[in-house]
Amino acid sequence: DAGVTQSPTHLIKTRGQQVTLRCSPISGHKSVSWYQQVLGQGPQFIFQYYEKEERGRGNFPDRFSARQFPNYSSELNVNALLLGDSALYLCASSPRGADTYNEQFFGPGTRLTVL
Amino acid sequence: GNSVTQMEGPVTLSEEAFLTINCTYTATGYPSLFWYVQYPGEGLQLLLKATKADDKGSNKGFEATYRKETTSFHLEKGSVQVSDSAVYFCALSDRGNNRLAFGKGNQVVVIP
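Going down the list, the sequences are from chains A and B.
Under my numbering, the first residue of the first sequence is numbered 8, with each subsequent residue one higher.
Under my numbering, the first residue of the second sequence is numbered 4, with each subsequent residue one higher.
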């Protein structure tokens, strides 16, 4: 079975541009979470979606937005890019929502570089 | 809020040496605790977990015990191999939500 997939693998943008990152969860998983991992740091929680609804949001500005589609795939959008948005963006899927802990399976990430 | 603190700096050790990585946490309530591993060029993988006090998580020779009294979840392995070279992250999750709070991670380099 395929794991969590993310696209693109790498991306280079300039300041002020907008970017869209994509994630496909493991088949049967209904929850998707997004994390930002700055070089040398641990991942930081950005969003969680379950059954196409936002179920949690981390401490990120409104320039960050996301959505989940009927097939449970997800997109993360970042507007007005800043140099500080350069990071590895990780997507994680899990079978259920946020009622209890269930293991999250991480994708390989999208490396975003903002110049 | 919830937070996880890992010991500073990379860890370099020889093959077959004993590995310890310290992790302490701050959380309201009774979180679940995890160790994740990130091999070069790969995504995060769950290494082990513990969901209540005094639980011991174990996998691939690694162990960690949930110590509520010291709010700690230290990772140990008795005899490391070169293939254990990776970045190790301690993390917690509150009951009632599925979001993970991670420590900064520790780079482990095992020398033959």
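Be a bit skeptical, because a hint or two may be false.
[Claimed, not checked] A short, non-exhaustive set of chain B residues, derived as facing chain A with CB atoms under 8 Å:
{"no.": "1", "residue": "Phe-21"}
{"no.": "2", "residue": "Tyr-42"}
{"no.": "3", "residue": "Arg-70"}
{"no.": "4", "residue": "Lys-71"}
{"no.": "5", "residue": "Asn-100"}
{"no.": "6", "residue": "Gly-106"}
{"no.": "7", "residue": "Val-111"}
{"no.": "8", "residue": "Val-112"}
For the record, the hints were derived by calculation from the structure and aren't laboratory data.
Since the structure is predicted, the reported quantities are computational estimates derived from the model, not experimental observations.
Note that CB positions come from ideal geometry on N, CA and C, so glycine has one too.
Any hints from earlier that this structure breaks? Give me their numbers in increasing order, please. Hint check: 1, 2, 3, 4, 7 and 8 fail, others pass.
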